[in-house]
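Taken in sequence, the protein lines are chains A and B.
Heads up, the first sequence is in the numbering used here, so the first residue is 1 and it goes up one at a time.
Heads up, the second sequence is in the numbering used here, so the first residue is 1 and it goes up one at a time.
FYI, nobody ran anything at the bench for these hints, they're computed from the structure.
Being a predicted model, the structure only gives us computed values, none of them experimental.
Be a bit skeptical, because a hint or two may be false.
Unchecked claim - Simulated crosslink set (DSSO-like; lysine-lysine; CA at most 27 angstroms straight-line): (1) A/K361 to B/K140; (2) B/K356 to A/K330; (3) A/K267 to A/K257; (4) A/K267 to B/K239; (5) A/K168 to A/K140; (6) A/K99 to B/K330; (7) A/K257 to B/K330; (8) B/K2 to A/K239; (9) A/K304 to B/K2; (10) B/K257 to A/K93; (11) B/K239 to A/K355; (12) B/K239 to B/K257; (13) B/K257 to A/K99; (14) B/K239 to A/K2; (15) B/K257 to A/K239; (16) A/K304 to A/K239.
To be verified - Some chain B residues close to chain A (C-beta under 8 angstroms, calculated; not the full set): (17) L35; (18) P37; (19) W40; (20) Q47; (21) G222; (22) L223.
Each residue gets a CB set at the ideal place from its N, CA and C atoms; glycine is no exception.
Number of protein chains: 2
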Amino acid sequence: MKWPNHGGQPNVIQQLFQMNTDQPVLDFSANLNPLGPPNWLNNALHQAYETISRYPDPSYTNSTAAVAQFEGIHQDNVLVTNGGAEAIFLVAKYFENGKACIVHPTFLEYERACNHYHLNIDEMFYDQDNGFSLPMLELKHRLQETDVLFLCRPNNPTGHVIAETEIKQLLELGLSVGTHIVVDEAFADFLPSNTHSLTRLLETYPNLIILRSLTKMYTIPGLRFGYVMAHQSVISVLKHEQIPWSINSLVDSIIPKLIADRTFVDKTKSLLHGESQFLHRSLTSMDFYLSPTQVNFYLLRDRKRPNETEELFIFLLHHGIVTRHTHNFKGLQGDFLRLAIRSHEENKQLVAVLKKWREDK
Amino acid sequence: MKWPNHGGQPNVIQQLFQMNTDQPVLDFSANLNPLGPPNWLNNALHQAYETISRYPDPSYTNSTAAVAQFEGIHQDNVLVTNGGAEAIFLVAKYFENGKACIVHPTFLEYERACNHYHLNIDEMFYDQDNGFSLPMLELKHRLQETDVLFLCRPNNPTGHVIAETEIKQLLELGLSVGTHIVVDEAFADFLPSNTHSLTRLLETYPNLIILRSLTKMYTIPGLRFGYVMAHQSVISVLKHEQIPWSINSLVDSIIPKLIADRTFVDKTKSLLHGESQFLHRSLTSMDFYLSPTQVNFYLLRDRKRPNETEELFIFLLHHGIVTRHTHNFKGLQGDFLRLAIRSHEENKQLVAVLKKWREDK
Chain A
1 MKWPNHGGQP
11 NVIQQLFQMN
21 TDQPVLDFSA
31 NLNPLGPPNW
41 LNNALHQAYE
51 TISRYPDPSY
61 TNSTAAVAQF
71 EGIHQDNVLV
81 TNGGAEAIFL
91 VAKYFENGKA
101 CIVHPTFLEY
111 ERACNHYHLN
121 IDEMFYDQDN
131 GFSLPMLELK
141 HRLQETDVLF
151 LCRPNNPTGH
161 VIAETEIKQL
171 LELGLSVGTH
181 IVVDEAFADF
191 LPSNTHSLTR
201 LLETYPNLII
211 LRSLTKMYTI
221 PGLRFGYVMA
231 HQSVISVLKH
241 EQIPWSINSL
251 VDSIIPKLIA
261 DRTFVDKTKS
271 LLHGESQFLH
281 RSLTSMDFYL
291 SPTQVNFYLL
301 RDRKRPNETE
311 ELFIFLLHHG
321 IVTRHTHNFK
331 GLQGDFLRLA
341 IRSHEENKQL
351 VAVLKKWRED
361 K
Chain B
1 MKWPNHGGQP
11 NVIQQLFQMN
21 TDQPVLDFSA
31 NLNPLGPPNW
41 LNNALHQAYE
51 TISRYPDPSY
61 TNSTAAVAQF
71 EGIHQDNVLV
81 TNGGAEAIFL
91 VAKYFENGKA
101 CIVHPTFLEY
111 ERACNHYHLN
121 IDEMFYDQDN
131 GFSLPMLELK
141 HRLQETDVLF
151 LCRPNNPTGH
161 VIAETEIKQL
171 LELGLSVGTH
181 IVVDEAFADF
191 LPSNTHSLTR
201 LLETYPNLII
211 LRSLTKMYTI
221 PGLRFGYVMA
231 HQSVISVLKH
241 EQIPWSINSL
251 VDSIIPKLIA
261 DRTFVDKTKS
271 LLHGESQFLH
281 RSLTSMDFYL
291 SPTQVNFYLL
301 RDRKRPNETE
311 ELFIFLLHHG
321 IVTRHTHNFK
331 GLQGDFLRLA
341 IRSHEENKQL
351 VAVLKKWRED
361 K
């Protein structure tokens, strides 16, 4: 079966299972904000229309300044990118021909970017039986032979958050052995207020490289905007290697307003907090496993029928719910499904279908 | 003096010369359509708004099919890209660590992309004294040691068009010695109807790679859309290496309508034909040199004061006209200015200012 590489393609899934693509489905397969984009965005884009007929400012001054101010860092520590994906590829370019370590299961593009730039990849695995914790001993042991360690925090597809103390230990050790640590914070906007982004560690650790994306929180995967935060010596190299005009003018012009909309972020977090509790309560009571997520998606597995995940995927699909398979997440091998937390109405439908699945056998 | 790398940045030029950036100027420095984007485009983007909250289709089926149909080739021979710039970088990746040949003066990004992917670059030069003709003898001689030859047709910054017979000779020779020829046709949309794109040669020559861009004709440099046309074995490798979701959803969704608007293209060509004749007549009669352009821009030099190009640049700037310096075009060394053909009103203003320059001394 040729499973698609990424979520967010409900029609491709429908075609794969010979279903009618006109049939409406609920898409739980993309890790996006259930609220959709902020209401004002369509008008803001309309007003930014005239920017499309000018070349994008090669330094993206508008969005770079907004990001730097929001993050409380200097503009020389920021590089804006065409989505988080371009950020990952540029970072891989920085370590071209070097040695990378990737801890799985995690986002697929670290590996693709490392292959693109001929990095040698060392694969390690989160400890599934212990809440997907980092294999700290082994990691520390191998850090010396590694140029760059890729971590995702909160991690995709598990939603779990590596403890800050562990990241600090790795950064300290990395400093002494010459290893950079890339922390992809694509989902950090969704973190509850008692868990923090690592931005403020940048000052202390010149070997820390943070990747961000505005795609998920603001539901703008089609607009493409991400950024890298790092020591200015790293940023200046990445900037030198970036493809010119890679960021479109529309997104460059609306970023300041987007970042400033904290009401939208708070509203999102509040919704997610409630829905996360609702789902955890409803699903664990039916004996489903949920990964220890702190954000807007989670891994699901039926504890009673742990080896029937594909059947569950198909059952959900036939009941109008598209989830993300995990066949191409190393270490998961399809044993789990990844689901986004959606609106209360949609989550209730999910719970109802899972109840039906449970009762069917 | 820190000259900007590209045109289309009038404010940067104003700052460079300590001028007030609020002062309105006419921008002759960007090679765009003087008509601006088609009138219907703003509404079409507004209607495509909902696409921003979905991940772009990873295969960009919508725009790829439109391009293939328009060009009369198979979809397997097309790869759509985030502007022409991404196309250039992907092609350089294909020849990573190989040997490239670039004929100057030409677009700067071939060299940057080749450096990014560690190609060894052999530099050659158009024969300035003979209408920027190709150094065919030397080129044929060196083709055997070259993996990829980069040509731009119509060429930027001269606007001249390499004869199709010469390209065919190089393709034939390339076939026998294993050399690919990249022809960047970013400005081919502006060609008069008796001069042709090379698309129909793709069937005969598997070593031909054509790059296109919709940026220039449709005045959408801020939206980002280009494409590669080549043998399917080349396209499949480029596709494999392309950064995911690099093309934004808005542009993917409007491309079919954009490509279909031939009335707009015809109107543009008709305007350019008239303006090109007007400028040629007016400027050569005042003893200015114009490069043998067939498209929407040209090189300018004062035949009477050939060594005062920088003074001319500043004179024009102080009279509200921003042109493109040529300091970073190898082989030109700032001796010429590049100007876009603008509307009749703007071209008349240019002629008037140049008349003043002529009379001042």
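Evaluation of the provided hints:
For a cut-off of 27 angstroms, the pair hint linking A/K361 to B/K140 is broken: about 74 angstroms separates their Cα positions. Of the supplied pair hints, the one linking B/K356 and A/K330 is violated, its CA atoms being roughly 70 angstroms apart against a limit of 27 angstroms. Annotation: proposed proximity of A/K267 to A/K257 holds, straight-line Cα distance about 17 angstroms (limit 27 angstroms). Distance hint between A/K267 and B/K239 is unfulfilled; the C-alpha atoms sit about 39 angstroms from each other, more than 27 angstroms.
Distance restraint check for A/K168 and A/K140: the Cα-Cα separation of roughly 12 angstroms lies within the 27 angstroms cut-off, and the hinted pair is therefore satisfied. Taken as a hint, the A/K99 and B/K330 pair is broken in the structure, with Cα atoms around 37 angstroms apart against an allowance of 27 angstroms. Of the pairs offered as hints, the one joining A/K257 and B/K330 is violated, with about 41 angstroms between alpha carbons and a cut-off of 27 angstroms exceeded. Between B/K2 and A/K239 the alpha-carbon distance is near 17 angstroms, which keeps this suggested pair within the 27 angstroms criterion.
Taking the CA atoms of A/K304 and B/K2, the gap is about 68 angstroms. The hint is violated against a cut of 27 angstroms. For the proposed pair B/K257 and A/K93, the alpha carbon gap of about 36 angstroms is over 27 angstroms, so the pair is violated. Simply put, B/K239 and A/K355 have alpha-carbon atoms about 42 angstroms apart, too far for the 27 angstroms limit, and the pair is violated. For the given pair, B/K239 sits about 24 angstroms from B/K257 by alpha-carbon distance, which is consistent with the 27 angstroms threshold.
With a CA separation close to 46 angstroms, the supplied pair B/K257 and A/K99 exceeds the 27 angstroms bound. A threshold of 27 angstroms between alpha carbons decides the hint, and for B/K239 with A/K2 the separation of about 17 angstroms falls inside it, so the pair holds. A threshold of 27 angstroms between alpha carbons decides the hint, and for B/K257 with A/K239 the separation of about 34 angstroms lies outside it, so the pair is violated. For the suggested pair A/K304 and A/K239, the alpha carbons sit about 51 angstroms apart, so the restraint of at most 27 angstroms is broken.
Interface restraint check for B/L35: the shortest CB-CB distance to chain A comes to about 10 angstroms, outside 8 angstroms, so the restraint is violated. Because the beta carbon of B/P37 sits about 5 angstroms from the nearest beta carbon in chain A, less than 8 angstroms, this interface hint is met. A cut of 8 angstroms between beta carbons decides the hint on B/W40: the least distance to chain A is about 12 angstroms, and the hint is violated. Among the interface hints, the one on B/Q47 is violated; its C-beta lies about 10 angstroms from the nearest C-beta in chain A, farther than the 8 angstroms criterion.
Annotation: interface hint on B/G222 holds; nearest CB of chain A at approximately 3 angstroms, less than 8 angstroms. At its closest, the beta carbon of B/L223 sits 5 angstroms from a beta carbon of chain A; the interface hint therefore holds under the 8 angstroms criterion.
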